[in-house]
Amino acid sequence: MAVNRRDFLKLSATVAGGSMLAGGGIAGMLMAGDRGGAAATVHSVPTVCEMCFWKCGLIARVVNGRVVKLDGNPLHPQSRGKLCGRGQAGIGLLYDPDRLKRPFIRGGVRGDGRYRPASWNEALEITADKLKAISAKYGPESIALFSHGTSGDYFRSMVKGMGSPNITFPSFSQCVGARNVGYELTFGESPASSCERVDLTRSKVIVLIGTHLGENMHNTQVQDFAEAVANGARLIVVDPRFSTAAAKAHSWLPIRPGSDTALLLSWINVIISEGLYDKEYVARYTEGFAELAQTVREYTPAWAARETDLSESQIIETARQIGANSPNVCIHPGRHTSWYGNDTQRARAMAILTALLGSWGREGGIWLAPSAPLAKSPAPEFPEAARPDVIAGGYPFVGGEGLTNAVRDATISGNPYPIKAWIMVGTNLLHTLPDPRQTMAAIGKLDLLLAIDVMPTDSVMQADIILPESSYLERADDLFVVKQKEAGIAIRQPAVSPLHESKPGWWIARELMLRLGLEKFAQPANFEQKLKAKAEKWGINFAALTKNGYIPVRTTSGPYISESNQPVFGTKSGKIVLASAELREHGFDAVPRYEKVPQPETGQFRLLYGRSPLHTFSRTANNPQLNELVSENEVWINSAAASRLGIGHGAYVRLVNQDGVRSNRVRAKVTQRLRDECIYLVHGFGSTSPWLTKAHNKGVNDQQLITRYAVDPISGITGMRVNFVTIEKEA
Amino acid sequence: MPRYAMLIDQRRCVGCMACIVACKNENKVPPGMYRTRVAETTAGIFPKLRMELRSELCNHCDHAPCVDACPTGASHKEADGSVQIDKSRCVGCKACMAACPYDARYVHPDGHVDKCSFCNHRTKVGKAPACVETCIGGSRIFGDLNDPNSEISRRLREHHVRVLLPEVGTKPKVFYINRFSTPGQEG
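Read top to bottom, the protein sequences are chains A and B. In this text, residue positions in the first sequence follow the working numbering: the first is 1, and each later residue adds one. In this text, residue positions in the second sequence follow the working numbering: the first is 732, and each later residue adds one.
Hints are not guaranteed to be accurate.
[Claimed, not checked] Derived pair list, reagent style DSSO-like, types lysine-lysine, alpha-carbon separation capped at 30 Å:
#: 1; chain 1: B; residue 1: Lys-808; chain 2: B; residue 2: Lys-818
#: 2; chain 1: B; residue 1: Lys-858; chain 2: A; residue 2: Lys-547
#: 3; chain 1: B; residue 1: Lys-759; chain 2: B; residue 2: Lys-825
#: 4; chain 1: A; residue 1: Lys-69; chain 2: B; residue 2: Lys-759
#: 5; chain 1: A; residue 1: Lys-534; chain 2: A; residue 2: Lys-485
#: 6; chain 1: B; residue 1: Lys-902; chain 2: A; residue 2: Lys-596
#: 7; chain 1: A; residue 1: Lys-483; chain 2: A; residue 2: Lys-445
#: 8; chain 1: B; residue 1: Lys-808; chain 2: B; residue 2: Lys-825
#: 9; chain 1: A; residue 1: Lys-596; chain 2: A; residue 2: Lys-130
#: 10; chain 1: A; residue 1: Lys-69; chain 2: B; residue 2: Lys-808
#: 11; chain 1: B; residue 1: Lys-858; chain 2: A; residue 2: Lys-485
#: 12; chain 1: A; residue 1: Lys-575; chain 2: A; residue 2: Lys-204
#: 13; chain 1: A; residue 1: Lys-547; chain 2: B; residue 2: Lys-779
#: 14; chain 1: A; residue 1: Lys-669; chain 2: B; residue 2: Lys-818
#: 15; chain 1: A; residue 1: Lys-537; chain 2: A; residue 2: Lys-572
#: 16; chain 1: A; residue 1: Lys-485; chain 2: A; residue 2: Lys-532
#: 17; chain 1: A; residue 1: Lys-729; chain 2: A; residue 2: Lys-669
#: 18; chain 1: B; residue 1: Lys-759; chain 2: A; residue 2: Lys-547
#: 19; chain 1: A; residue 1: Lys-575; chain 2: A; residue 2: Lys-485
#: 20; chain 1: A; residue 1: Lys-520; chain 2: A; residue 2: Lys-534
#: 21; chain 1: A; residue 1: Lys-69; chain 2: A; residue 2: Lys-520
#: 22; chain 1: B; residue 1: Lys-855; chain 2: A; residue 2: Lys-69
#: 23; chain 1: A; residue 1: Lys-596; chain 2: A; residue 2: Lys-376
#: 24; chain 1: B; residue 1: Lys-779; chain 2: A; residue 2: Lys-729
#: 25; chain 1: A; residue 1: Lys-69; chain 2: B; residue 2: Lys-818
#: 26; chain 1: A; residue 1: Lys-69; chain 2: A; residue 2: Lys-532
#: 27; chain 1: B; residue 1: Lys-858; chain 2: A; residue 2: Lys-69
#: 28; chain 1: B; residue 1: Lys-818; chain 2: B; residue 2: Lys-855
#: 29; chain 1: A; residue 1: Lys-204; chain 2: A; residue 2: Lys-530
#: 30; chain 1: A; residue 1: Lys-483; chain 2: A; residue 2: Lys-572
#: 31; chain 1: A; residue 1: Lys-485; chain 2: A; residue 2: Lys-572
#: 32; chain 1: A; residue 1: Lys-204; chain 2: B; residue 2: Lys-855
#: 33; chain 1: B; residue 1: Lys-902; chain 2: B; residue 2: Lys-808
#: 34; chain 1: A; residue 1: Lys-69; chain 2: A; residue 2: Lys-530
#: 35; chain 1: A; residue 1: Lys-537; chain 2: A; residue 2: Lys-160
#: 36; chain 1: A; residue 1: Lys-101; chain 2: A; residue 2: Lys-132
#: 37; chain 1: A; residue 1: Lys-547; chain 2: A; residue 2: Lys-537
#: 38; chain 1: B; residue 1: Lys-759; chain 2: A; residue 2: Lys-101
#: 39; chain 1: A; residue 1: Lys-132; chain 2: A; residue 2: Lys-669
#: 40; chain 1: A; residue 1: Lys-137; chain 2: A; residue 2: Lys-520
Simulated from the structure, these hints should not be mistaken for lab results.
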């Protein structure tokens, strides 16, 4: 193959030419730190990454007080000596000149960007006074917390301590919620202990339903994925887009968006009708098989071929491959599953298929979470909330993480009671929740919007008070209990002291709690002493933990089913539930049935979105190191569709959604790698915050175009792949 | 004396670009410049497609045109077979850049030409290059061709490999395994 001499393409990167970092930048700072010559002091600090939420163990190399390199901790089972591009680029976050450097108090009207710097004491006093006033006037339940990341836990104690039950995590409703509920209804537990328990390296067949491993970058899971590919695992990828994973697949099924459940039900149909399921496992561990078999009879491959736009022979062939390799088949449960508003039943179909194959608790399937007997600390006695929470929104199967959308609805309506304060910890709600217009309307109802963050995101720039948090490389956090096939304890410890005037999340929460009279729920001033005591209570040598970053602990159960290692299903019956009486009682289908979703009209494209391996949500677009490689997103348009519209590769276009919302301009990536009724964007761009000097106005914010969403009636999550756009050429 | 080489198993590359960020940090590569990159090429018509992910870097050629072109001796072969640049001898004339068929070099803001060194500051102390150490897919394999028991020697014996632009006669020491499955067919 000829290599064009000037064809050093950057994968998925927009060619940015001269628009890189202005002089100096990170590289300059690093060199300055390295110029200590013979006197340079070099040391290594093992700690835990938080560029995403896989929470890899890392080792920071510190030269003369400056972090110059981050490496994976070889001892930590979630990194195994490696870090992804984002993990490597933690240095970019630490030294980002656009970081929040001191507390700020809003000077002008919300959103006009006028802030005055404040001392910590003033900012904390004003915040505490406002929280007290709101609690006194509207009740403590009028204070809501939106949390993501480690620091959220400290503020959860604060909000609970004040007496509010309204604590919610976008990771449920906008991400994994439907998956978790679907698997909990089936197996009594989620398929992830934070990290998905997929046994890819031992799989004979791996099935990815929209999961784009490689582009969706989770360190050891992708390590395992590559290993599985190299081992010759048969890979079946169901995706309307030719993802990196699809490019490695033996079978790529370029499915019509929204019809995944039809494919899954027809696979179940073939596997049952041809007797390819694990009969012994099904008899021993499941209930409801007869009803399942009866229900899926109508979902034949011929029928599914019409729904999915796949061939009948391809559906039958892949079903047989899956069945023939039972139980060493991994039906990957996925992660972001908030797609069409019927997502819990799709997750149920995936869970049921997993059960039929006998792959839960078997090699190459989903391994069982280890039990690690660690002494529990007594739970603090938080006050009972006087009024019920609003986080479930009336949906019957909402997880404890609650529904961000339900809190937003209650804030806008004032029902069942007013919500008057939002505390955002590491959450960029304007880029996370669908329909940012509603988020803005809700913010308009608030007496206090408080932001605790590292970066001045679009949502932070709406806040009344901004409290600058130290990045994960500058702070300690509570000990992490790691549950891979082995279990262990990991520690986060500062690689360098907090920069600027930033403070660790635990400290910020503690200082607020002192001012709110809630010291008994706060972290102790000597945080390290607390970590030491906790480690010792668990029988862990604290000095060894700080030196190694990770210490394994004893487990009392293994990853695979054997006569001496039997699975425990947390369902009511203690069995795997194929036909759910619980769902039936609430008026839902006991066995998933196929529901069609609306398709785009002529001239419209369905808006699909996904990930870049170099970005985490909307958190990293301004990271100098990552921005250099991927500074903006592109809109993927099928070549034939682009040709019909006269759009050339690299041309700027605008997207206009069904409600007339018009996007920022965005470059067209004209490609064969996508079905022609949809377009695709990498999520997390199009920031409007002027304080994000690199990310500002770069690319398009997919969430801006997601003005419609379909709420799943079972789990309450927001399906977000239900928007249609037209494409306008930019003059 | 070892003779270093790299083998890139393209089947395992997931295009995550961890190698690029690791390299840039490890070697303080200035913004906008790269010692290694990942090229993506897709061929075919929907839905019959085939994608190649190809990591590219200095090939540390045995017949290195950059070394021949360098008027000052700054670009030179080391005893370990790697091509290195003696920055103090480099006058920034760019003759090497014109000679390199792989576009592997750039002009550092300090005035000298720069490129991948196979992380020789790391290999000297027994560590793998930064890109290899963090390669998520385990796609990059580095080692000693003079050691028949090294992983790279073993894999080179076991696989059909190719090099980039063999026709230019540079004898690269970066090798590629690139047997791809074609979607819908047996691999």
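Hint by hint, which ones does the structure fall short of? When the structure is compared with the hints, numbers 6, 7, 9, 13, 14, 15, 21, 23, 29, 32, 39 turn out to be violated.
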